[in-house]
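> Sequence:
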Amino acid sequence: MEVSEYLPETTTEDDTVPQEATPVINLSEGTELRARALAGDQSAVKKALAFFQTAHEQDPSNSLIEAYYGDSLSLSGRHDEDPTVMFGKAIQGMKILDHAVTASPDNIEIRLIRAYHSFRLPEAFFRRTATAIADFEYLRERYNADKSIMSKEKYWQLLYDLGRSYQRLNMEQE
Numbered sequence: 326m327e328v329s330e331y332l333p334e335t336t337t338e339d340d341t342v343p344q345e346a347t348p349v350i351n352l353s354e355g356t357e358l359r360a361r362a363l364a365g366d367q368s369a370v371k372k373a374l375a376f377f378q379t380a381h382e383q384d385p386s387n388s389l390i391e392a393y394y395g396d397s398l399s400l401s402g403r404h405d406e407d408p409t410v411m412f413g414k415a416i417q418g419m420k421i422l423d424h425a426v427t428a429s430p431d432n433i434e435i436r437l438i439r440a441y442h443s444f445r446l447p448e449a450f451f452r453r454t455a456t457a458i459a460d461f462e463y464l465r466e467r468y469n470a471d472k473s474i475m476s477k478e479k480y481w482q483l484l485y486d487l488g489r490s491y492q493r494l495n496m497e498q499e
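In the numbering used here, the protein residues as written are 326 to 499.
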């Protein structure tokens with residue numbers, strides 16, 4: 326028996342199967358639509374959801390796109406007249422955002438999205454203020470370590486919203 330029988334087969338470049346490239350998605354259009362949706366533009370809500378749903382289908386492993394998709398999904402239920410749809414989309418959005426944070430826990434943008442998503446949900450129904458506080462605290466610590474992660478104005482707004490979150494839970498001393 327020859328030694329070559331025990332060695333793994335080698336392949337040449339011609340024998341390899343090309344892997345599909347991950348699509349490059351420009352998020353600026355989607356984030357602009359989401360900003361308009363957050364400001365109350367109902368047509369932008371649908372467009373943002375469609376944009377991020379398509380982007381998530383094209384690149385399901387991208388946690389940032391997943392976070393934007395979850396937030397947009399939740400926003401799409403915001404003004405629905407059917408409470409089942411309204412709550413269902415908010416809950417789906419929460420789960421998607423939690424998954425995105427689990428997949429990329431140190432991503433500042435994902436933490437901001439989840440923090441403000443949790444902050445805007447009514448505490449009486451969703452019990453997400455503690456999640457908002459955890460994310461705000463994480464972001465505060467990260468900003469104190471590296472001031473380049475967000476603008477000073479955004480940081481001061483974050484601190485204000487952190488205080489409002491503590492008040493919401495009757496934890497003024499904290």
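Treat the hints as calculated values from the structure; they're not laboratory data.
Backbone N, C-alpha and C define an ideal beta-carbon position, used for all residues, glycine too.
Among the hints, erroneous ones may be present.
Simulated pairs of lysine to aspartate or glutamate, DMTMM-like, Cα-Cα distance not exceeding 25 Å [what the hints assert, rightly or not]:
# : residue 1 : residue 2
1 : Lys371    : Asp384
2 : Lys472    : Glu448
3 : Lys420    : Glu478
4 : Lys372    : Glu357
5 : Lys414    : Asp366
What follows is a set of in silico ranges between Cβ atoms, one per label pair, in the way DEER data are often shown [to be verified]:
# : residue 1 : residue 2 : range
6 : Ser353    : Asn495    : 22 to 30 Å
7 : Glu406    : Asn469    : 40 to 48 Å
8 : His424    : Leu352    : 28 to 36 Å
> Run every hint past the structure and note whether it holds.
Structure-based check of each hint:
no.: 1; hint: Lys371 - Asp384; result: holds, 20 Å
no.: 2; hint: Lys472 - Glu448; result: violated, 30 Å
no.: 3; hint: Lys420 - Glu478; result: violated, 29 Å
no.: 4; hint: Lys372 - Glu357; result: holds, 10 Å
no.: 5; hint: Lys414 - Asp366; result: holds, 18 Å
no.: 6; hint: Ser353 - Asn495: 22 to 30 Å; result: violated, 40 Å
no.: 7; hint: Glu406 - Asn469: 40 to 48 Å; result: holds, 44 Å
no.: 8; hint: His424 - Leu352: 28 to 36 Å; result: violated, 18 Å
Hints 2, 3, 6 and 8 from the earlier list are contradicted by this structure; the remaining hints agree with it.
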